[in-house]
Amino acid sequence: MSYMKDWFTEDEDDIFMGSPKSKFFDITRQASADVVEDEMDKIIERYAAMELMLSQGQGEEYDINKHIAQYTYENADEVARMKKGLYVEFTGEIICRLDS
0 MSYMKDWFTE
10 DEDDIFMGSP
20 KSKFFDITRQ
30 ASADVVEDEM
40 DKIIERYAAM
50 ELMLSQGQGE
60 EYDINKHIAQ
70 YTYENADEVA
80 RMKKGLYVEF
90 TGEIICRLDS
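Letter by letter, the sequence shown follows residues 0 to 99 in numbering that gives the first Met the number 0.
The set of hints was computed from the structure by calculation and includes no laboratory data.
Hints may be right or wrong, so weigh each one.
[Unchecked claim] Capping the alpha-carbon separation at 20 Å, the derived lysine to aspartate or glutamate pairs in DMTMM-like fashion look like this:
no. : residue 1 : residue 2
1   : Lys82     : Glu38
2   : Lys20     : Glu38
3   : Lys82     : Asp33
4   : Lys82     : Asp25
5   : Lys83     : Asp25
6   : Lys22     : Asp37
7   : Lys82     : Asp98
8   : Lys65     : Asp76
9   : Lys65     : Glu77
10  : Lys20     : Asp40
11  : Lys41     : Asp98
12  : Lys41     : Glu92
13  : Lys20     : Glu88
14  : Lys20     : Glu36
15  : Lys22     : Glu92
[Unchecked claim] Label pairs and their computed distance ranges (CB to CB):
no. : residue 1 : residue 2 : range
16  : Arg28     : Glu88     : 12 to 22 Å
17  : Gly84     : Gln29     : 20 to 30 Å
18  : Ser21     : Gly56     : 36 to 46 Å
Just so you know, these numbers come straight off a predicted model, no measurement behind them.
All C-beta atoms, glycine included, are put in the ideal place defined by N, C-alpha and C.
Can you build the whole structure from these sequences, using the hints too?
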């Protein structure tokens, strides 16, 4: 079915479906504040762990923000795909908790 768009690579401005980012924010606006706060806390915890892992053994002069910016620049397409995937993952986590 070549006429159907892949939802994961859809147009960011598609008014019928929206991007993974727009759907994430749609869901966060509709879900209870407690669920969203808890999921955001999990995201920040995950981010903190990844920063610690990345900077481990690098010394005091290590600039993690510069390293991340350089990696993002050099791997822009891969980072964009991963970012979309994470939006989908985090949206799913919130949706799964709506019934509980």
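Against the structure, the hints come out as follows:
Of the pairs offered as hints, the one joining Lys82 and Glu38 holds, with about 16 Å between alpha carbons and a cut-off of 20 Å not exceeded. For the hint linking Lys20 to Glu38, the alpha-carbon distance of about 15 Å falls within 20 Å, and the restraint holds. The suggested pairing of Lys82 with Asp33 is violated, with an alpha-carbon distance near 24 Å, which exceeds 20 Å. A distance of roughly 17 Å separates the Cα atoms of Lys82 and Asp25; the hinted pair therefore holds under the 20 Å criterion.
Among the hinted pairs, Lys83 with Asp25 is consistent with the structure: their alpha-carbon atoms are about 15 Å apart, no more than 20 Å. Between Lys22 and Asp37, the direct Cα distance comes to roughly 18 Å. Compliance with the 20 Å bound is thereby established for this hinted pair. Proximity of Lys82 to Asp98 is assessed by CA-CA distance (about 26 Å); at most 20 Å being required, the pair is judged violated. Straight-line distance between C-alpha atoms of Lys65 and Asp76 comes to about 18 Å, which keeps the hinted pair within the 20 Å bound.
Annotation: proposed proximity of Lys65 to Glu77 holds, straight-line Cα distance about 18 Å (limit 20 Å). With a C-alpha separation of about 18 Å, the suggested pairing of Lys20 with Asp40 holds against the 20 Å cut-off. At roughly 19 Å between alpha-carbon atoms, Lys41 and Asp98 fall within 20 Å of each other, so this suggested pair holds. Restraint check for Lys41 and Glu92: the C-alpha separation of about 10 Å stays at or below 20 Å, so the hint holds.
Restraint check for Lys20 and Glu88: satisfied, since their Cα atoms lie roughly 11 Å apart, inside the 20 Å limit. Between Lys20 and Glu36 the CA atoms are separated by roughly 17 Å; this keeps the pair inside 20 Å, and the hint holds. As the CA atoms of Lys22 and Glu92 are separated by approximately 13 Å, the hinted pair is consistent with the 20 Å bound. The beta-carbon spacing between Arg28 and Glu88, approximately 18 Å, falls within the hinted interval of 12 to 22 Å.
As the Cβ distance of Gly84 to Gln29 is approximately 22 Å, the hint placing it in 20 to 30 Å holds. Under the hint 36 to 46 Å, the C-beta atoms of Ser21 and Gly56, about 39 Å apart, fit the expected range.
Hint violations for this structure: numbers 3, 7, all remaining hints satisfied.
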